[in-house]
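Put together the whole structure using the sequences plus the hints.
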Amino acid sequence: GAGVSQTPSNKVTEKGKYVELRCDPISGHTALYWYRQSLGQGPEFLIYFQGTGAADDSGLPNDRFFAVRPEGSVSTLKIQRTERGDSAVYLCASSSGRGYEQYFGPGTRLTVT
Amino acid sequence: GENVEQHPSTLSVQEGDSAVIKCTYSDSASNYFPWYKQELGKRPQLIIDIRSNVGEKKDQRIAVTLNKTAKHFSLHITETQPEDSAVYFCAPSPGKLIFGTGTRLQVFP
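Just so you know, the sequences run in chain order A and B.
So for the first sequence, the working numbering puts the first residue at 41; every next one is plus one.
So for the second sequence, the working numbering puts the first residue at 6; every next one is plus one.
There may be inaccurate statements among the hints.
[Said to hold, decoys possible] Calculated pairs, EDC-like style, for lysine to aspartate or glutamate (alpha carbon to alpha carbon, straight line, at most 20 angstroms):
#	chain 1	residue 1	chain 2	residue 2
1	B	LYS62	A	GLU141
2	B	LYS42	A	GLU84
3	B	LYS73	B	ASP32
4	B	LYS47	A	GLU84
5	B	LYS47	A	ASP64
6	B	LYS62	B	GLU20
By construction, these hints were calculated from the structure, which means they are not laboratory data.
The following block contains the structure:
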């Protein structure tokens, strides 16, 4: 079946603007994760959803970052007042449950100018 | 928080040789231990994983060994091929993946 998809693949925005990044998980996967990967580093955990609720948001760097998953499928990561330091690849992953294999999407490369 | 380290940070081997990458972690709640391969500009791909009730798992040329007491697990690749060249990440998990610092493996023909 289809894997995890993310849109857009690339996003360039100006400092101070608002952006939304979308993730479509594998059908039937109840767990959804967002990670951020800066150049030369490993992915860094941001937030984990189990169904519609955020079960762990301890990785969100500050209150400019917010994510939703209203129907337990598609998720949107929202970043307000973007800063140049937010530039990174934002990866989404899904799994059939907590502690199971996570499958990654292709990522969204965000560039803040 | 969780501290995850990988050694070595870079590894160069000749085609056909073996490669071993070690991952140490600090969170005793970790119970799932995957290894991911990431090629330049691509997404991380799961190549092998192990759970805390098993000491070793093998899949063709790739194996993972776990020492939960010492809090480390290792990736073993035998008969390396140039297409094995990539960055490898361990990601011990108490639920969410905590990625290591990465190991750049280069396999020379």
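Against the 20 angstroms threshold, does the CA-CA distance of LYS42 of chain B and GLU84 of chain A hold or violate the hint?
OK: LYS42 of chain B and GLU84 of chain A at ~16 angstroms, within 20 angstroms.
Check whether the Cα positions of LYS62 of chain B and GLU141 of chain A lie no farther apart than 20 angstroms.
holds, 15 angstroms
Against the 20 angstroms threshold, does the CA-CA distance of LYS73 of chain B and ASP32 of chain B hold or violate the hint?
Holds, because 10 angstroms separates the two Cα atoms, which is no more than 20 angstroms.
For the pair supplied as a hint, LYS47 of chain B and ASP64 of chain A, confirm whether the alpha-carbon distance does not exceed 20 angstroms.
holds, 18 angstroms
Check the hint pairing LYS47 of chain B with GLU84 of chain A against an upper bound of 20 angstroms on the C-alpha distance.
Status holds; Cα separation ~16 angstroms.
Restraint check for LYS62 of chain B with GLU20 of chain B, where alpha carbons must lie at most 20 angstroms apart
violated, 23 angstroms
When held up to the earlier numbered hints, the structure conflicts with hint 6 and nothing else.
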